[in-house]
Amino acid sequence: MKRVQFSHSPIPYLFIAPQIIIICVFFLWPAAQGIYQSFLLEDAWGLSSQFVWFKNYEDTIFKKSWLQSATFTLIFSFLVTVLSLAFAMLLAVKANEVIQGARTYKTLLMWAYAIAPPVAGLMGNLMFNPLIGDLYFFLNAMGWDFNHKLSSFDASFVVILIAVWKQVSVNFIFFLSGLQSIPKSVIEAATIDCKSSIRRFWTMTFPLLAPTTFFLVVINITYAFFETFGIIDTTTGGAPGGSTSTLVYKVYTDGFRGSDLGGSSAQSVVLMLMVLALTVIQFRLIERKIHY
Amino acid sequence: MSTVKLTNVNKTYANGAHAVRGVNMDIANGEFIVFVGPSGCGKSTLLRMVAGLENVTEGDIHIDDERINDVSPSERNVAMVFQNYALYPHMSVRGNMSYGLKNRGDTKEEIYEKVVAAAKTLHIEDFLDRQPNQLSGGQRQRVAMGRAIVRNPKVFLFDEPLSNLDAKLRVQMRIEIKKLQRKMGVTSIYVTHDQTEAMTLADRLAVINNGRIEQMGKPIELYKDPKTLFVASFIGSPQINLISVQFDGNLLKSGKLEIEGFKNLPTDENLVLGIRPEHLRTNDNGPLRLKIDLVEQHGADNLIYGTLIDAVSEAGGDLEICLRVNQKQEPQIGDVLKLEYDHENALVFNKDTGLRLV
Amino acid sequence: MVKINWHTLSGHLILIIGALFMTAPVWVAFMSSTHSAETLFRDGLQVWPGGHFFSNYNEVLFEEGGVMKKVTASRMLLNSLTLGVGFAAGKVVISMLAAYAIVYFRFKLAAPLFWIIFMTLLLPLEVRIIPSYEVVAKMHLLNTYTGLILPLIASATGTFYFRQFYKSVPEELLEAARLDGANAWRFFIDILVPISKTMIAAILIIMFVVGWNQYLWPLIMTTDENNYTLVIGIKQIYQVLSEGGELPQFQKAYALTILATLPPVAVVLVFQSWFVKGLVESEK
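Protein chains in written order, with our numbering: chain Y, 1 to 292; chain C, 1 to 358; chain F, 1 to 284.
Bound-form chain Y, shown alone (with noise of 0.2 Å):
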């Protein structure tokens, strides 16, 4: 807020009005829609409904396929966020350091951020095609009896494999402007009191770089949460047997494939608390960001 305003009038219900619009029309109408739905039991054709209360919720929630792919997301989530954010640390700090070739570095290493991560999913799916991939055939040869179509660990493997490579470049691009932010005083001091630089990493650029990893740690579970849709579509489309569908996918094939509207209903609903959940955890950490 502003110390001098523009003072009452209608004009900033003008200025507003398009974004609430588009809110109202587009957010909360289907929103709501959602959650009145997770209460509803329709019919095979659609044509009659029925209030069920939290019938669709014990339904899908207690169901073991459900328990099955919630596993899945949390073990997804923090192989992806551990795994990428370290990969993306380590690079990001040897960027920082070198001099020769740094911006031709960066570029290299940030330019995936634009890649659609179903593009991302396509082009990983077919380095494992077994007809013409040639990681299928290199892990083949390396005595791995890889099939990612049958086996589910060997399908978990390749999705996070695309799921790490699609998220470095974000992580790189904010742990460098992190390390670029930390003051050129403090680390000539720090050169001064510290010989190692194993140990100066993990006493002095580690923790001023704690705020940005909080941030991201963030950052990447939500990504693992929904963006990581298209990678899984474009990959094993969930398979083998739903071993690697995290919830969201879970949510579009029951409500889109399986035509499951009440039960696809009730799983958004609880994925939607999830979201909020993190949202809570965002702000705290946000809070402790300001200490820095």
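Keep in mind that the hints were calculated from the coordinates and are not lab data.
Please note: incorrect hints may appear among the correct ones.
Said to hold, decoys possible - The calculated lysine-lysine pairs, modelled on DSSO-like cross-linking and capped at a C-alpha distance of 27 Å, are:
no., chain 1, residue 1, chain 2, residue 2
1, Y, K149, F, K235
2, C, K5, C, K178
3, F, K277, Y, K184
4, C, K102, F, K235
5, C, K227, C, K351
6, C, K253, C, K291
7, C, K338, C, K253
8, C, K178, C, K120
9, C, K291, C, K256
On a predicted model such as this, the values are computed, not experimentally measured, just so you know.
Please arrange chains C and F on chain Y, whose structure you already have, making use of the hints.
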């Protein structure tokens, strides 16, 4: 050519903070008034109320007999120079200076002439087509001034306009502002926390503390004849020496130190004796003894800082004071000097009310 | 004798491996898109250019039946561009206006409206995808650009970017403008929009990429081939590939991949510094 009149002006913010309390003031046509005080004292708020950037909670503001409380800022015909200049960063110098005239509906020819004339006055005619980020701090300051004078306002308002400049430029611009104001004869209100700026610029000076005017008058009056402890300590550099004392009917006492020569003071109150650094002199028969801690050489004169022997500070420790001496005197650290003071210039205050007694 | 700096050397080694990891898949995709279907089927993926660049891309871009039954990649390219540009421009305009109201005005419904806008940040489109589809269907907006773009704009990320930026604009600028006689609209157009130029450019770039890369929403709401974007086309061609039958047309899949990748990558590379600034600043 205008007068400004403030009548019982109050400002209370929504959070309950009472920023300005019952200010009354008459500003004559062409007068240069300076508001001075510590940060947060309400001086900027008062200025911004005259500009129309803050609402007046209570009381009236008149410009030329017209009550302007509810007149919008742009229609008050005042111009303001901001501390950070607030130049429009995407407009050239010319664009910055013309913007107000354009909104007012002046014709292109009028605007062109006025801008060129104002630019000449301020010696910025060569920069008219530059962007603000291509100018030095001093040049930006001039553009900000130009934006103010081009509109030929009734009142100039300055909100700490020199605080972002380096020391040398500040002195130079201070002189220019004063000359310009003299030449144009426009009523001006100038806010600063720097007492030197206040003393040198003002026709009349208002010392503001805690939302109130402590004292208003000519700079020299405030220096010589401060009505309160606050004014005495705010005006003058280096600061006035203050010694907490009690009167026993005969002598002023601070610890073991006894000072004679005062009469008719209350014996049951805490008092403060104030002596300016320039009113202390070395004299081998003087009543005060000073142990030297530090000597600052300023060229024309020297400032000596030291501990007043026998005296006790408010906190119960050593009492530090300062005196100004001729540059020929070069005392050594650790020496003890005997001092006398100008009795007629010594000020005595009631410590609790802050009011002056002698 | 030159002393080898092992620390620097290992740094370069790590960076080179990283750069290879990030670029190799796209390089291979690009090279493979210039070979014939037979070569790919016989010899696998290619790392050097082949002789079918023009014929492959020509077939994909302009020939009916080249990729889909009817729609060509050039049509999909147009759809993608419309989505990217429309999404970015719409989002920037709407969020600039809304943020202006929030930051610079005091009005009665300010707090509740702010919370409504804030709420949209909490729930991504993915979790309300099915009801959104139903709403758009009810409004007869399926297979239209309006129905494609507006629900995506409903999330208020842009509003928060601009809110942050406006808050960082010195207050004195507004005060000076008010003394200069500018009203709310004049201040917005004469002062605020011009000084937001860099910010606008940065957000436009990011939003173009985000819009171009949309997948789930277009997948659901476009049922007519003619409305496919490139990113959706990829999914379709992949399904054709996995159906088997004749000789799999991998080179077309790769050509489509490259076409879907090229425009957003070009935008990010050309405007790299703006893009990085926008991405980092906007998240503060």
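- Structure versus earlier hints - violations, ascending order: 4
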